[in-house]
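With the sequences and hints as input, model every part of the structure.
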Amino acid sequence: MYEIVHKKGLEYFIFNHLQSSNLVTHGFTTRIGGVSTGCYHSLNTSFHVGDQDAHVQQNRVLACRALGIDPYRLVAGRQVHGDRIQLVEEKDLGRGALSHGDALPDIDALITAEPGVPLSSYYADCVPIFILDPVQRVIALAHAGWQGTVLKIARKVIEKMGQHFATDPRCCLAGIGPSIGPCCYEVDEPVISRFEDNFPGARLANPVAPGKWRLDLWEANRLTLLEAGLQPDHICTARLCTSCRGDLFFSYRGEQGRTGRMTSLMMLK
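If you count by numbering that gives the first Met the number 0, then the sequence shown holds residues 0 to 268, one letter each, in order.
If you're looking for bench data, these hints aren't it; they were derived computationally from the structure.
For every residue, glycine included, the Cβ atom is placed at its ideal position computed from N, Cα and C.
No incorrect hints appear here.
With a cut-off of at most 20 angstroms between alpha-carbon atoms, the simulated SDA-like pairs for lysine to any residue come out as follows:
1) Lys155 / Ala227
2) Lys268 / Gly67
3) Lys211 / Ser192
4) Lys159 / Gln135
5) Lys268 / Leu22
6) Lys211 / Gly253
7) Lys7 / Gln56
8) Lys268 / Arg72
9) Lys211 / Glu185
10) Lys159 / His233
11) Lys155 / Gly81
12) Lys159 / Gly228
13) Lys90 / Asp105
14) Lys7 / Gln57
Label-pair distances were calculated between CB atoms; the ranges are:
15) His47 / His163: 26 to 32 angstroms
16) Ser192 / Lys6: 42 to 48 angstroms
17) Pro231 / Cys182: 19 to 25 angstroms
Next up, the structure:
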């Protein structure tokens with residue numbers, strides 16, 4: 000399913016089915032092993048949350064080097080909780096690597112078919128989705144908060160991979176990483192209404208109080224990947240809640256907004 004790797008003082012997660020393909024380097028960081036202090040302790044990898052830029056830069060270098068990735072080639076997007084997708088090429092190398100200002104603007108998913116181009120995205124409760132087409136050798140990362148999830152960003156990524164690289168979704172492998180779970184993710188009527196409209200008949204929420212529900216983003220994204228054509232046994236869900244596991248993860252909800260970000264990293268070999 001997944002395992003925790005302890006390397007160079009860091010702890011990060013990998014999906015076994017992606018790792019065993021031998022086609023990619025990938026990982027999802029924890030909050031352990033960095034240099035940031037206070038509410039960003041310690042491996043905060045985001046520039047836009049109020050941490051010192053020098054600490055974020057050092058943390059990104061530490062994370063990349065643990066995975067054998069050149070930190071100066073990293074590609075990042077400025078995430079906006081939407082469904083815009085960017086095809087990444089060699090010319091984009093370094094965009095957003097060591098500053099927020101030159102990241103790819105208004106992007107929540109990245110796709111590349113070029114080896115040696117490392118993709119990254121950033122999280123503190125939203126759902127990280129890793130996708131690999133082992134036949135056409137294409138990878139993608141998608142950042143799915145509730146907005147991206149209800150917009151079915153994962154399906155749109157698969158569709159774009161098909162349009163540009165002839166990806167057959169039946170061949171794809173996907174991992175749904177640590178994120179806020181149905182145990183903790185409380186939402187209100189407007190959010191639930193959107194999900195009822197876009198996921199008719201799906202059991203994604205449990206009522207907990209008048210006008211309040213707990214929502215299962217993991218299952219919503221799994222259903223979206225199935226809708227896109229993936230095989231059920233090609234999808235792995237970590238089922239680790241970032242809000243519950245404050246020892247391992249940053250959580251926007253769990254820490255009332257004052258916190259750092261983890262990162263997902265993926266690169267074709």
